[in-house]
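2 protein chains.
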Amino acid sequence: MRLTPAVELEYRCKKLQDYMLEASLDAVIIIQNADLFYFTGTVQKGNLYVPASGQPLFMVRKEVGRARMESGLKEVLPFESIKDIPPILSKYGYGVPQRIGLELDVLPVNFYRRYQELYPNAVFVDATPLIRRVRMIKSKYEIHLLKDAADQVDRVYQRAKEIIAVGMTDLELAAELEYIARKDGHQGLIRMRAFNSELFYAQIFSGTDSAVPGYPDTPLGGMGLNPSFGQGAGLKRIEANEMVIIDFAGCADGYLSDLTRIFSVGQPSELMKKAFDDMLEIQELMTSIVEVGVSWGEIYDRCSAMAVEMGYGDNFMGAKGSQVSFIGHGLGIEIDEYPFIARGFNNMLMETGMVFAFEPKVVFPGEGAVGIENTFYLSNEGLKRLTRSSDELVILV
Amino acid sequence: MRLTPAVELEYRCKKLQDYMLEASLDAVIIIQNADLFYFTGTVQKGNLYVPASGQPLFMVRKEVGRARMESGLKEVLPFESIKDIPPILSKYGYGVPQRIGLELDVLPVNFYRRYQELYPNAVFVDATPLIRRVRMIKSKYEIHLLKDAADQVDRVYQRAKEIIAVGMTDLELAAELEYIARKDGHQGLIRMRAFNSELFYAQIFSGTDSAVPGYPDTPLGGMGLNPSFGQGAGLKRIEANEMVIIDFAGCADGYLSDLTRIFSVGQPSELMKKAFDDMLEIQELMTSIVEVGVSWGEIYDRCSAMAVEMGYGDNFMGAKGSQVSFIGHGLGIEIDEYPFIARGFNNMLMETGMVFAFEPKVVFPGEGAVGIENTFYLSNEGLKRLTRSSDELVILV
Numbered sequence: 001m002r003l004t005p006a007v008e009l010e011y012r013c014k015k016l017q018d019y020m021l022e023a024s025l026d027a028v029i030i031i032q033n034a035d036l037f038y039f040t041g042t043v044q045k046g047n048l049y050v051p052a053s054g055q056p057l058f059m060v061r062k063e064v065g066r067a068r069m070e071s072g073l074k075e076v077l078p079f080e081s082i083k084d085i086p087p088i089l090s091k092y093g094y095g096v097p098q099r100i101g102l103e104l105d106v107l108p109v110n111f112y113r114r115y116q117e118l119y120p121n122a123v124f125v126d127a128t129p130l131i132r133r134v135r136m137i138k139s140k141y142e143i144h145l146l147k148d149a150a151d152q153v154d155r156v157y158q159r160a161k162e163i164i165a166v167g168m169t170d171l172e173l174a175a176e177l178e179y180i181a182r183k184d185g186h187q188g189l190i191r192m193r194a195f196n197s198e199l200f201y202a203q204i205f206s207g208t209d210s211a212v213p214g215y216p217d218t219p220l221g222g223m224g225l226n227p228s229f230g231q232g233a234g235l236k237r238i239e240a241n242e243m244v245i246i247d248f249a250g251c252a253d254g255y256l257s258d259l260t261r262i263f264s265v266g267q268p269s270e271l272m273k274k275a276f277d278d279m280l281e282i283q284e285l286m287t288s289i290v291e292v293g294v295s296w297g298e299i300y301d302r303c304s305a306m307a308v309e310m311g312y313g314d315n316f317m318g319a320k321g322s323q324v325s326f327i328g329h330g331l332g333i334e335i336d337e338y339p340f341i342a343r344g345f346n347n348m349l350m351e352t353g354m355v356f357a358f359e360p361k362v363v364f365p366g367e368g369a370v371g372i373e374n375t376f377y378l379s380n381e382g383l384k385r386l387t388r389s390s391d392e393l394v395i396l397v
Numbered sequence: 001m002r003l004t005p006a007v008e009l010e011y012r013c014k015k016l017q018d019y020m021l022e023a024s025l026d027a028v029i030i031i032q033n034a035d036l037f038y039f040t041g042t043v044q045k046g047n048l049y050v051p052a053s054g055q056p057l058f059m060v061r062k063e064v065g066r067a068r069m070e071s072g073l074k075e076v077l078p079f080e081s082i083k084d085i086p087p088i089l090s091k092y093g094y095g096v097p098q099r100i101g102l103e104l105d106v107l108p109v110n111f112y113r114r115y116q117e118l119y120p121n122a123v124f125v126d127a128t129p130l131i132r133r134v135r136m137i138k139s140k141y142e143i144h145l146l147k148d149a150a151d152q153v154d155r156v157y158q159r160a161k162e163i164i165a166v167g168m169t170d171l172e173l174a175a176e177l178e179y180i181a182r183k184d185g186h187q188g189l190i191r192m193r194a195f196n197s198e199l200f201y202a203q204i205f206s207g208t209d210s211a212v213p214g215y216p217d218t219p220l221g222g223m224g225l226n227p228s229f230g231q232g233a234g235l236k237r238i239e240a241n242e243m244v245i246i247d248f249a250g251c252a253d254g255y256l257s258d259l260t261r262i263f264s265v266g267q268p269s270e271l272m273k274k275a276f277d278d279m280l281e282i283q284e285l286m287t288s289i290v291e292v293g294v295s296w297g298e299i300y301d302r303c304s305a306m307a308v309e310m311g312y313g314d315n316f317m318g319a320k321g322s323q324v325s326f327i328g329h330g331l332g333i334e335i336d337e338y339p340f341i342a343r344g345f346n347n348m349l350m351e352t353g354m355v356f357a358f359e360p361k362v363v364f365p366g367e368g369a370v371g372i373e374n375t376f377y378l379s380n381e382g383l384k385r386l387t388r389s390s391d392e393l394v395i396l397v
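Line by line, the protein sequences are chains U and C.
Taking my numbering, the leading residue of the first sequence gets 1, the next gets one more, and so forth.
Taking my numbering, the leading residue of the second sequence gets 1, the next gets one more, and so forth.
Hints listed in this document are in silico derivations from the structure and should not be mistaken for laboratory results.
Every clue listed holds true.
List of simulated lysine-lysine pairs, DSBU-like, C-alpha gap at most 30 Å:
#1 C:K183 <-> C:K161
#2 U:K320 <-> C:K91
#3 U:K147 <-> C:K236
#4 C:K274 <-> C:K161
#5 C:K91 <-> C:K14
#6 U:K74 <-> U:K14
#7 U:K320 <-> C:K45
#8 C:K74 <-> U:K320
Non-contacting residues of chain U with respect to chain C, defined by C-beta distances greater than 10 Å in every case (computed):
#9 P120
#10 D277
#11 F345
Cβ coordinates follow ideal geometry from the N, Cα and C atoms, glycine included.
Modelling step: build the complete structure from the supplied sequences, incorporating the hints.
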């Protein structure tokens, strides 16, 4: 268990304040758990008030004692409700905010209305793009945590090689691997920011089930166990010569890793083997493109174009009609952070310190899916891989 | 895997329309996953448009084919974005809605603003209280699913009796029990509606760790593994003669159960044994109070008063300063449904068909916590228990 160093918190707050200046915001009020963890070092129920300049105020309803223990912030205060905010601000000599940033992509309307009542003359702006920009650049400290998460998922991969067998259900395989990760210190919970997004540890499936599309905004879906959570492992049994896909999110001290590997008991079809090799080539292309200054959209466009050239126009990143418009996604505390290696992001550029998962995948309805996924870090010395498991297709006998 | 019968969906929609009439709503647009599952039988990305009268329209962006397969609704339509809603409505001869219900307790502001742009003259009302009222009365079909979830958590309980041992960490115990539940068909994901609420399978902890308060709106918190997810099992090792608490949520076909049991390797202190027996008495009192027509608040008030009389004013439902204001909660697809057995709900009455967990607990800082939790069903023949594990304190040798 690590506590976020106070200097990390100070630096993060300073960067947010720089962006607030650009956006002419008097204050940002942070409420959502992932953002609270990033800017305070703990997840307690409360509001973090970040003024345009000066100390942030962490106002905590539950548990203020624990927040003081876990947070490196100087000002951790008890409060009962948001009505306490104006008196607290005046006590600190902070002015009445006119332009207030809130996390409007996640904040429910009923909460928003309370802030509107509190400050009826204020203008409320979505602060999430600013917060995303701060969070997308990882510090050395964060890279350490991300490496731990990458090492965890490698242990899951090693275990998968030992246990995958014909006749095992996808659910049994998922249960075994989740168990390994959990004993390794995985917190269980995987945070995903987008509204209505739901994710468990992993999406694990074999053969035809891998090609079943679902509601998640992911290239693969899976049958799942029931229509209430129609994604991931179902009750299909693993057969010989078909692809088994393990797309697993590791988690250490709140930081994520993302890895996909393919296994087969016996030789898979030539079509599937070829498709797998082709996805490795697309990964290779990505590593040759990514550098500081290249746009997220360009990485997407060039890798997509290669997939189309290879003949996968109707299979890449989902079966025809179910294709998603990204190949990669940033990750850290949430699994859908900046950068989005996605269509249309041509004004957003790669920067040193970005961490992202890249997951070229192809889907063949009625047959299965293949692909690869690794977690990468754009360091001062260029692109590095955080996940260290071997890329190869694992053929088991 | 069960598909929700079409007659169930029809009945649910009709009940919602009855409440919409009372609230003078022209339409309710349902977007959130748990509500979508309840009213459509599937969770796909889309909007369910419920008119004041007539067929509901399930407009699906991803995956419409799967929605047609899993949903018993008559009208399942493809759509690209909410801009398609007006032409779809006019095609079905539905008028332009003036008073629209949305799930304002969960809908993020950015989404809300798009509906406002679509219908700039409409009034938007929170539909969640109406939806909650429909969902709080469980059908016979739902009771079957809830019983399956209750049976699952009994298997977890039986396994706990076999494996709890001195020297095991709370995390190891959690990992073992989660593994049992998962292999039993637990979907993993536990849905909780309240903003920023996060829950994994269970809160499992021993001795002093059980008394550590945390951010969740639950009587017990726990250290957890790290400040990013500061609840539930941590790395403390189980010692002799201390209480081990297993608060576990089962899940079958999307429906939940909730059970808490206490274990001890060797004899716990007299204080803790007495407190446990007292919580059983409070459970007994609750079962004698609950009947159709009694208010949720009265159940809370009378049980709380008994705890105070017993001398637990500073310990009941959390340690002093961290006490929660409920003793029970409805559950079904989400773990925080109506009824709330909570302070202040004196105008809300118990009705036939309600299902709720009741969890009297006491916390002694620096020592531990004890309590009991079962899932109950108010049937035509009175209160029944769905969870069937024995209530007794399990003393292991």
